[in-house]
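*Asks:* Grab the two chains, each in its own frame, and use the hints to assemble them into the complex.
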Amino acid sequence: MEDRSRRSFLKIGGACALGLSALPAIKVSAADVQSVFSPAPNALTGKKWAMVIDMKKCWEKGKEGCKDCSQACNHVHNVPDIGNPKDEIKWIWPEHFANAFPGQESEYTPEEIASKEFIILCNHCTNPPCTRVCPTQATWKRKEDGVVMMDPHRCIGCRYCMAACPFGSRSFNFRDPKPFVKDPNPKYPARMRGVVEKCTFCEERLAKGQIPACVEACKAKALVFGDLDDPKSEVRKLLHSNYTIRRKPELGTEPNVYYII
Amino acid sequence: MKIYNGDKIIPGILIGVIILTFPLWLARGKAAATPDIKFDTPVIQKLAVKQCVLPKETMRTSHMVVLNDWRDAAVRNNTRVFTGMDGKKYDINLQNTCMECHSNKTHFCDQCHNYLGVNPYCWKCHIEPKETK
Ligand code: HEC
Ligand code: HEC
Ligand code: HEC
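Protein sequence lines, in the order shown, are assigned to chains A and B.
According to the numbering used here, the first sequence is numbered sequentially starting from 1.
According to the numbering used here, the second sequence is numbered sequentially starting from 1001.
With a straight-line Cα cutoff of 27 angstroms, these simulated DSSO-like cross-link-like pairs (lysine-lysine) come out: (1) B:Lys-1130 <-> A:Lys-208; (2) B:Lys-1050 <-> A:Lys-187; (3) A:Lys-187 <-> B:Lys-1089.
In short, the hints are calculated from the structure, not lab data.
Excised from the complex, chain B in its bound form (with noise of 0.2 angstroms):
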């Protein structure tokens, strides 16, 4: 078998490749940080019970769905009251609940989402903790 032109094809071919795999190589050894979150916040190291509003696997998994129905309650019901485990109460609010306790949000929330690609659009009007470090 002759393949005409095979000195310029088949070189061409192995750039190709190397061209179109060109992010992987650029990205070898290099696997995305796994997300890094502290739980080290002033309010919570002040907790006698490290927990959050609701069990850890809830939060983690379903702490959206938390926020939208806080934002419905405190908003459109005018419930501003959250009780949670142990029939402890919290006041429902974004800034000075949960950020008071997670009052780390570049090495809380942002760890996450920054790997997972999602931007929640709440800080365009939500204002962000101070953070010192």
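Same shape as in the complex, but just chain A (with noise of 0.2 angstroms):
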């Protein structure tokens, strides 16, 4: 009678505790039915986001020392200007074809290409070597629309990523960015000291239904951005009807920003 009784006790002590023990996985759960998170349904879905740049637009359409496309760029993301090349920060950039394309140009590079700049970003490769080298993963290739992605939460400054990309398109905050972006955009952040940052090909505004700022300022319609998986797009067309150069193809990052020069 006594043994009995004491075994009840047990039995119903065990599943308090076991009951205690669950309940923070049924909370869990209840929050997890609360909170759902989805894509805007009027996102702009690619499988391989690419940009095709017709420099010979942009030279011949564009006024002289145009920078619509860097400008519109650096004042939606709060880009510094800080004056001074070792500190600057960098997402879209004029550079020259000797810089952009090195071994390709020779004494015979003719004048009009030799002497005029080239724009220049993120290539988003399809083989980055930049997230390989990440030890955080605070950079990384988006799988479903290749976007190289930054998460400045978890980059610890490091700088491999800098290291490893062939193409400079990645810049380090040596100092703190925020008084040097003179007219800051609110509805996005800036940087700290002590980040790397680069374009992302404005994957913010691609999951609100937009298409990248610098593509929607150029007046001259020289940068198309659009999907490399789509036969039917606009880059595909481009790259179809036009002989393009991509920079280092010889490294095999495989680059996904083309030029038609």
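*Replies:* Here it is in structure tokens:
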């Protein structure tokens, strides 16, 4: 008799303890049901985002010294203007032919190409070396659409990615960039000292159904953005009907920014 | 019982005790102001139902967890819409969603955080709302 009651006491006690230990799990699943994350219905989706830059259009139709694309980008993303090449932060910027396409120039390269500046940005390579060396996965190649992403929250500022990128597409914040953002865009964050940043193909805009800011800003329509995986896309049509070049193709990173010259 | 040099030791101990308890004397009657959080922002005043993205109690205790989930959902998982209570949808964004409603940062977030001595580092990058007052 006495034995049975002790047994049942232990059983009930055990059941209670089990119930208590399961409580957090139940609570979590209740919260999961409540909070649902989803993409916006109007988000732009592609399998392989790419850009085709028609430099001829840029030079012919664009005004001399036009900076519409980089100005739009810098404003939207609060890119600082530090005014000192050592500390400079670059998302999209001009570069001379010899620097943009090293090894492709010769002393007979036409003057109108050798002297002109090309529009340079992150190539969002199909085979990016930068993402492989990141120790915290602060940068990674997004599987669904190929954007080489940046998560500034995870960046520890080790700059391995900068060493790995053969295109100089990444910049390090050697100093607090905030005071150098003249007209901050309150809709987008800035960065802080000690993190790396670069072009993100405006992934925050794609998620809202908007094309990249530089493409939108170019009046000459020299920048075209689209999905390489879609044979009917404008980028595919341009690549089909024009001879295009990419930066440092011999390295095998497979850049997704193409140039018509 | 006789204390040698008692005339020096006893006042010495008294002075020591006063010095040690000096912070307590100084703060006497000035209890740290309890947080005085306000919900009178233009956006909240226009709300038909004055509620946050999740129940108030959840927000009070777990808003930092919510923010971490939001951050990962938006930046890492590319899911930028949050469905809160009653199926209401929010754009996942610290500056444009949280701070649009709570645009009185100094009379809201900072009130609690200063009281507690927490200083979220988010504002090193994220831009604080402009406050007129
Ligand atoms: C639609 C407007 C709105 C948005 C968006 C919003 N809040 Fe709120 N929040 C409110 C209102 C209204 C209350 C008061 C709720 C109540 O009284 O029931 C509140 C309450 C809170 C509280 C609890 C304060 C207390 O009384 O203890 C915290 C903390 C909070 N919000 C933080 C946030 C954070 C962080 C975000 C972004 C993830 C956010 N809020 C987004 C309107 C909003
Ligand atoms: C009701 C008081 C209260 C309000 C209002 C409030 N917080 Fe908090 N917050 C806290 C408490 C308590 C903590 C946790 C402190 C700790 O864990 O030591 C915290 C922590 C945080 C953290 C994590 C900080 C860290 O270093 O881990 C973030 C981020 C944060 N709050 C953001 C906000 C934002 C943004 C708002 C305004 C929209 C806000 N909080 C409003 C009380 C509040
Ligand atoms: C190193 C700079 C930096 C710091 C520090 C930082 N953020 Fe961010 N955060 C960003 C940038 C840049 C983005 C935009 C990335 C994007 O849209 O893909 C962002 C995006 C976010 C987002 C999603 C979209 C948006 O724009 O709001 C949330 C939520 C967020 N951060 C929360 C936080 C919280 C909470 C903290 C503090 C605990 C914090 N962040 C600290 C730079 C930072």
